[in-house]
Amino acid sequence: PNCPGIISPGKCNIGITAGEIAQLPSASGPNVGIVSRSGTLTYQALYELKQQGIGVSTCVGIGGDPVPGTSFVDCLAQFQADPETHAIIMIGEIGGSAEEEAAEFITNHVTKPMSAYIAGVTAPAGKKMGHAGAIVSGGKGTAQGKMDALRAAGVQIGLNPTEAGILMAEIVRTIRS
4 PNCPGIISPG KCNIGITAGE IAQLPSASGP NVGIVSRSGT LTYQALYELK QQGIGVSTCV
64 GIGGDPVPGT SFVDCLAQFQ ADPETHAIIM IGEIGGSAEE EAAEFITNHV TKPMSAYIAG
124 VTAPAGKKMG HAGAIVSGGK GTAQGKMDAL RAAGVQIGLN PTEAGILMAE IVRTIRS
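Quick note: the sequence shown uses this note's numbering, first residue 4, plus one each step.
To be clear, the hints were calculated from the coordinates, so they are not data collected in a lab. There could be a bad hint or two in this list.
As the list claims (entries may be wrong) - With a straight-line cut-off of 30 Å between C-alpha atoms, the simulated BS3-like cross-links for lysine-lysine are: (1) K115 / K53; (2) K14 / K53; (3) K115 / K14.
Stated by the list, open to error - Quick list of the computed label-pair ranges, beta carbon to beta carbon: (4) V70 / S180: 40 to 46 Å; (5) S29 / D77: 23 to 29 Å; (6) I19 / R176: 27 to 33 Å; (7) V124 / P86: 31 to 37 Å.
All C-beta atoms, glycine included, are put in the ideal place defined by N, C-alpha and C.
Turn these sequences into a full structure, and let the hints guide you.
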């Protein structure tokens, strides 16, 4: 619910993501999988990769509501198993514990390189930001806590969406060399 859907550029599009925004995957790779809680930032991640000429294997918008149909962990497991996905970008945001759960999964199960961006660094505690899932409550679900957990899991953290794309471009250059 409340998500832009799934796109595998050149293969399938289930949802509202404009196919033109996504870079077609490269036959020789490396290609990147994207998983995002934010619809708008999903488009931003696709744009950043296209600007860098980086192919996208699959992009999944999981939505930001408290009860998602698909989780970060679900997508990370699929990207880890997908031979067409060589690296992963994760876009998270304040509220809930999905990013921290993903960090634990990454530590134990993900070997592919990752970059991430967490939205909401300046969000005031207790104020709903955008939709039902984006609220910091009782000091939990903060952007800083999520970034710390992901960093501890070995994920490179961008301080804005463009920086997350630049970090991924560096990862892709390393994979190619």
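Each hint tested on the structure:
| no. | hint | result |
| --- | --- | --- |
| 1 | K115 / K53 | holds, 20 Å |
| 2 | K14 / K53 | holds, 17 Å |
| 3 | K115 / K14 | holds, 23 Å |
| 4 | V70 / S180: 40 to 46 Å | holds, 42 Å |
| 5 | S29 / D77: 23 to 29 Å | holds, 25 Å |
| 6 | I19 / R176: 27 to 33 Å | holds, 32 Å |
| 7 | V124 / P86: 31 to 37 Å | holds, 35 Å |
In summary, the structure agrees with every hint in the numbered list given earlier.
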